[in-house]
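Peer 1: These are the residues of each chain, in order.
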Amino acid sequence: MIDLPSLLLFVASIINILIGLSIFFRNPRSKLFIYYLGLAVALAIWTSTNGLFRILPAESLLPIALMSYFGAILVGMFFALFNAEFTGIRLLPNWAVLAAGCLVAVGSLIPGVYATGVTASRSIVTTDGILVFAAVLAVLLLGGLTELLRYIWRARGLARRQAQIMALGMGIAMAMGLTFNLVLPLFHIYGYVYLGPEFTMVYLGALGYAIIRTRLFDLRLVFARSATYFLLLLSLGAVYSTLVFGASKIVFVDSASSANASWLYTLFALLTSFSFQPLRRFFERATNNVFYRYHYDSQEVINDFSKILVSELDLDRILKRSLTELCESLHIQFGQLIIYNDERVYRVEHYGQLPRRLMVAPELARLDKPMLVADELSGGERKQLMENHGIRLSMTLRTREQFVGHLLLGDKLSGDIYSTQDIDLLEIVGKELAVAILNAKAYAQIQEFNLTLQARVEHATNRLRVANRHLKELDRAKDEFISMASHQLRTPLTTIKGYLSMMQEGDAGKLTKAQQEFVGYAFSSSERMVNLISDLLNVSRLSAGRFLIQTKPTDMVQMIRDEVRQLNNHATTKGIKLIFEPPPEPLPPAEIDDNKTRQVVMNFIDNAIYYTSQGEVRVMLEQSGDRVRLEVRDTGIGVPEAAKKKLFSKFFRADNAQIVRPDGTGLGLYLAKRVVEDQGGTIIFNSVEGRGSTFGFELPFKPVTPIREVAHHGRHHHPK
Amino acid sequence: MADTTTPNNAADQKTILIAEDDPFISRMYQIKLEGAGYRVVVKNNGRDAFEAVKTEHPNLAVLDINMPELSGLEVLSALQNDNFDFAAMPVIVLTNSSEITDRNTAHAYGAEYLVKAELTPREVLDIIGAKLGTAPAKAAD
Chain A
0 MIDLPSLLLF
10 VASIINILIG
20 LSIFFRNPRS
30 KLFIYYLGLA
40 VALAIWTSTN
50 GLFRILPAES
60 LLPIALMSYF
70 GAILVGMFFA
80 LFNAEFTGIR
90 LLPNWAVLAA
100 GCLVAVGSLI
110 PGVYATGVTA
120 SRSIVTTDGI
130 LVFAAVLAVL
140 LLGGLTELLR
150 YIWRARGLAR
160 RQAQIMALGM
170 GIAMAMGLTF
180 NLVLPLFHIY
190 GYVYLGPEFT
200 MVYLGALGYA
210 IIRTRLFDLR
220 LVFARSATYF
230 LLLLSLGAVY
240 STLVFGASKI
250 VFVDSASSAN
260 ASWLYTLFAL
270 LTSFSFQPLR
280 RFFERATNNV
290 FYRYHYDSQE
300 VINDFSKILV
310 SELDLDRILK
320 RSLTELCESL
330 HIQFGQLIIY
340 NDERVYRVEH
350 YGQLPRRLMV
360 APELARLDKP
370 MLVADELSGG
380 ERKQLMENHG
390 IRLSMTLRTR
400 EQFVGHLLLG
410 DKLSGDIYST
420 QDIDLLEIVG
430 KELAVAILNA
440 KAYAQIQEFN
450 LTLQARVEHA
460 TNRLRVANRH
470 LKELDRAKDE
480 FISMASHQLR
490 TPLTTIKGYL
500 SMMQEGDAGK
510 LTKAQQEFVG
520 YAFSSSERMV
530 NLISDLLNVS
540 RLSAGRFLIQ
550 TKPTDMVQMI
560 RDEVRQLNNH
570 ATTKGIKLIF
580 EPPPEPLPPA
590 EIDDNKTRQV
600 VMNFIDNAIY
610 YTSQGEVRVM
620 LEQSGDRVRL
630 EVRDTGIGVP
640 EAAKKKLFSK
650 FFRADNAQIV
660 RPDGTGLGLY
670 LAKRVVEDQG
680 GTIIFNSVEG
690 RGSTFGFELP
700 FKPVTPIREV
710 AHHGRHHHPK
Chain B
0 MADTTTPNNA
10 ADQKTILIAE
20 DDPFISRMYQ
30 IKLEGAGYRV
40 VVKNNGRDAF
50 EAVKTEHPNL
60 AVLDINMPEL
70 SGLEVLSALQ
80 NDNFDFAAMP
90 VIVLTNSSEI
100 TDRNTAHAYG
110 AEYLVKAELT
120 PREVLDIIGA
130 KLGTAPAKAA
140 D
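Line by line, the protein sequences are chains A and B. In terms of numbering that gives the first Met the number 0, the first sequence has 371 at position 372, counting the first letter as 1, and numbering is strictly consecutive. In terms of numbering that gives the first Met the number 0, the second sequence has 23 at position 24, counting the first letter as 1, and numbering is strictly consecutive.
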């Protein structure tokens with residue numbers, strides 16, 4: 000008679016076969032899959048014989064019982080083989096497993112080796128041989144189990160997850176088997192024995208799932224929640240039963256008042272229900288600490304990440320902080336960011352302990368997919384590459400238009416596989432990071448550009464500095480040359496001028512009128528040359544800082560009279576009137592540099608004569624308070640408006656002056672200004688082009704400041 | 000021009016020492032000064048000029064600066080070392096160097112400092128006349 004329990008067992012047996020076959024045909028040539036199928040068939044045999052044992056009449060049960068032993072030993076054998084194959088750990092040599100398994104299996108088919116019969120109450124009458132059977136089965140099961148646990152301890156990534164799922168399936172199957180076939184019978188509850196074998200489906204299913212799927216679900220939630228409720232029930236049950244037991248012992252020792260008992264139970268029930276929530280929370284937290292040590296909140300990580308990206312502008316800091324944040328939040332041992340620029344590696348940032356080998360550019364180029372998870376690759380070059388470098392996950396960072404770089408991540412600290420949560424998070428964060436890196440890169444490049452620019456400017460400035468120094472040296476050399484040349488020029492000039500003057504004076508006999516005239520011209524020219532040389536020397540002295548004013552009391556009227564007399568010749572030959580208007584009252588002597596001031600006066604008058612073709616040159620000297628004032632007025636070409644500003648600068652010559660007198664040096668007025676101002680005086684100048692000019696100066700009779708100081712402070716000292 | 004042509008008699012004839020290495024220049028001054036009735040002693044180097052000061056006892060010395068053996072300024076220094084009485088012999092440093100330091104050195108010895116190129120021989124003669132307190136010679140004009 001087929002009852003519900005036996006039906007469930009047959010169904011389980013068939014499902015086991017089906018699971019076994021469907022998984023097996025995915026990879027029929029693999030040893031692992033063959034062992035898997037063997038395990039499925041053995042389990043099917045065991046479950047179906049359990050079913051048959053319930054429904055067949057007692058007298059025909061011995062073969063069924065023996066078949067059940069047969070199935071059981073095969074389960075042990077294939078379990079050991081499968082685990083050895085899967086883990087690669089071989090605690091028991093394959094040949095030993097096979098030999099022992101087959102031997103014991105064959106033994107189980109022979110009646111009388113392990114069992115001699117079945118009683119009417121469906122108890123199996125066993126022999127001493129059953130001890131051997133049990134021992135072999137135990138060794139096989141324990142061996143396989145040990146291998147699996149050791150593997151879980153060692154394995155990383157996908158393999159670990161696979162093993163965890165297998166262990167879970169096995170754990171559930173074993174726990175249920177133990178509960179229904181061992182624990183409950185201990186309390187004389189035999190009615191649920193048939194439920195134990197049903198859970199072989201769970202084990203087989205978990206095993207199959209683990210070896211064929213790649214992205215496996217996270218078991219932690221299952222473990223954590225079942226552990227919470229298991230502990231909760233255990234403690235509540237313990238407390239409740241202890242209370243009830245204790246109370247009934249103490250309270251109801253003599254009288255069994257059921258009325259009393261009912262309120263007590265109600266009280267306990269209330270206590271229990273109130274303690275449920277806090278207890279649950281406590282266990283949840285405790286189990287979370289165990290199972291979710293590496294747990295994180297995606298939203299929090301994304302927020303922290305965004306904060307970093309917003310607050311940092313410096314590329315190196317962005318790389319460092321974001322990589323650290325990522326690796327610390329996801330509990331990753333090692334991380335690497337490789338940023339490219341123009342198809343070349345631009346920056347590299349590391350987190351954690353570096354793997355023995357780092358990827359080089361051509362290897363990185365092969366990781367060209369947006370996201371590669373080594374555990375999800377079924378094999379091939381990329382998986383090999385990643386595993387050789389300890390990389391579990393590779394992500395390409397890119398914006399919509401531009402490739403930015405690679406993010407490479409190593410093992411997680413837990414050894415777990417990268418979960419869907421991790422991958423979703425990485426995808427979000429990766430996009431933000433790519434944009435931020437691109438921005439920071441642009442910023443860094445601008446800064447680098449700034450630095451190069453600065454360096455270039457500095458370089459250019461240095462070159463200018465050197466050039467400037469060189470120019471200054473050249474200028475000094477020029478001044479020295481001028482000084483030397485001028486001195487040398489003066490010697491022959493002394494002779495020329497001296498002898499010409501002596502001829503004029505009749506030292507060589509009386510001259511004819513024409514001779515007198517010609518010698519006069521020659522003499523004037525030699526005089527001019529002497530003055531030019533003096534100017535040149537003064538300018539070179541100015542540059543060399545050796546231009547000193549040396550004063551002595553000077554009769555200004557006499558000085559100007561001398562100069563006018565000397566230049567009168569020149570004026571007369573040009574047909575110009577040279578008029579000197581001396582002051583009405585005699586002047587006190589002026590404390591001035593006689594030589595230099597004389598040269599200034601001569602220069603003014605000489606210029607006036609030169610640049611005047613008709614009319615007159617009027618020289619006026621007068622006292623003006625504590626100053627002496629000289630003006631030289633002409634009716635000459637005048638100074639063009641544009642030239643006025645620069646008229647007193649070194650070597651400057653106005654255009655119209657150059658036409659009239661191409662040989663001028665442009666030094667006379669420059670020196671005049673210096674001489675006058677260094678003596679605390681001021682230059683007088685006004686002019687109308689084409690109408691005439693007035694040049695002159697005002698000088699204090701006594702130096703306003705000690706002359707030495709004026710000389711030292713140089714040209715910028717203008718006491719008023 | 001020979002001494003004999005000078006109007007002054009030998010007793011009040013004043014002696015001028017000219018130390019100048021350029022013969023054209025020394026001759027130029029010599030003519031002008033002798034024309035004015037001075038006795039002129041020309042030396043073309045500093046050492047000879049130094050000796051001449053002692054042997055010839057000139058009334059006035061005209062010294063160039065840049066000369067062989069001793070410069071004009073070194074002659075002054077050597078004279079000072081000999082405790083020479085500069086008051087007895089006015090000195091004119093007549094040179095084409097117009098270095099301030101040279102000028103200051105000359106002034107330190109109480110000497111007049113003049114730039115050759117800026118003066119005609121006549122002007123030099125006038126200055127010498129003024130120094131010696133003699134009336135300008137009439138010969139030239």
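Honestly, the hints are just simulated from the structure, not real lab data. Hints may contain errors.
Stated by the list, open to error - Below are the DSBU-like pairs computed for lysine-lysine, each with C-alpha atoms no more than 35 Å apart in a straight line: (1) A:K477 / A:K643; (2) A:K306 / A:K319; (3) A:K672 / A:K573; (4) A:K471 / A:K644; (5) A:K477 / A:K649; (6) A:K576 / B:K13; (7) A:K551 / A:K430; (8) A:K512 / A:K440; (9) B:K130 / A:K672; (10) B:K130 / A:K701; (11) A:K382 / A:K368; (12) B:K130 / A:K551; (13) B:K13 / A:K509; (14) A:K672 / A:K645; (15) A:K512 / A:K551; (16) A:K551 / B:K13; (17) A:K306 / A:K368; (18) A:K319 / A:K477; (19) A:K440 / A:K430; (20) A:K573 / A:K644; (21) A:K509 / B:K53.
This structure is a prediction, so every number in the text was calculated from the model and none was measured.
Peer 1: Decide, hint by hint, whether the structure agrees.
Peer 2: Going through the hints against the structure:
1. As the CA atoms of A:K477 and A:K643 are separated by approximately 28 Å, the hinted pair is consistent with the 35 Å bound.
2. Using a Cα cut-off of 35 Å, the hinted pair A:K306 and A:K319 holds, with the two alpha carbons roughly 14 Å apart.
3. For the hint pairing A:K672 with A:K573, the CA-to-CA distance comes to about 27 Å; that is within 35 Å, so the pair holds.
4. For the hint linking A:K471 to A:K644, the alpha-carbon distance of about 26 Å falls within 35 Å, and the restraint holds.
5. Of the supplied pair hints, the one linking A:K477 and A:K649 holds, its CA atoms being roughly 15 Å apart against a limit of 35 Å.
6. For the suggested pair A:K576 and B:K13, the alpha carbons sit about 43 Å apart, so the restraint of at most 35 Å is broken.
7. Of the supplied pair hints, the one linking A:K551 and A:K430 is violated, its CA atoms being roughly 90 Å apart against a limit of 35 Å.
8. Among the hinted pairs, A:K512 with A:K440 is inconsistent with the structure: their alpha-carbon atoms are about 94 Å apart, more than 35 Å.
9. Distance check on the hinted pair: B:K130 and A:K672 sit about 34 Å apart at the alpha-carbon level, within 35 Å; holds.
10. Taken as a hint, the B:K130 and A:K701 pair is honoured in the structure, with Cα atoms around 27 Å apart against an allowance of 35 Å.
11. Taken as a hint, the A:K382 and A:K368 pair is honoured in the structure, with Cα atoms around 12 Å apart against an allowance of 35 Å.
12. Distance hint between B:K130 and A:K551 is fulfilled; the C-alpha atoms sit about 18 Å from each other, no more than 35 Å.
13. The hinted pair formed by B:K13 and A:K509 meets the criterion: a straight-line CA distance of about 28 Å does not exceed 35 Å.
14. About 12 Å separates the Cα atoms of A:K672 and A:K645, which keeps this hinted pair within 35 Å; it holds.
15. Between the alpha carbons of A:K512 and A:K551 the distance comes to roughly 40 Å, so the proposed pair goes past 35 Å and is violated.
16. Between A:K551 and B:K13, the direct Cα distance comes to roughly 30 Å. Compliance with the 35 Å bound is thereby established for this hinted pair.
17. With a C-alpha separation of about 28 Å, the suggested pair A:K306 and A:K368 falls inside the 35 Å cut-off, and the hint holds.
18. Straight-line distance between C-alpha atoms of A:K319 and A:K477 comes to about 61 Å, which puts the hinted pair past the 35 Å bound.
19. Restraint check for A:K440 and A:K430: satisfied, since their Cα atoms lie roughly 15 Å apart, inside the 35 Å limit.
20. A C-alpha spacing of about 29 Å is found between A:K573 and A:K644, which places the hinted pair at or below 35 Å, so the restraint holds.
21. The straight-line distance between the Cα atoms of A:K509 and B:K53 is roughly 39 Å, outside the 35 Å bound, and the hint therefore fails.
This entry does not satisfy hints 6, 7, 8, 15, 18 and 21, going by the numbered hints stated previously.
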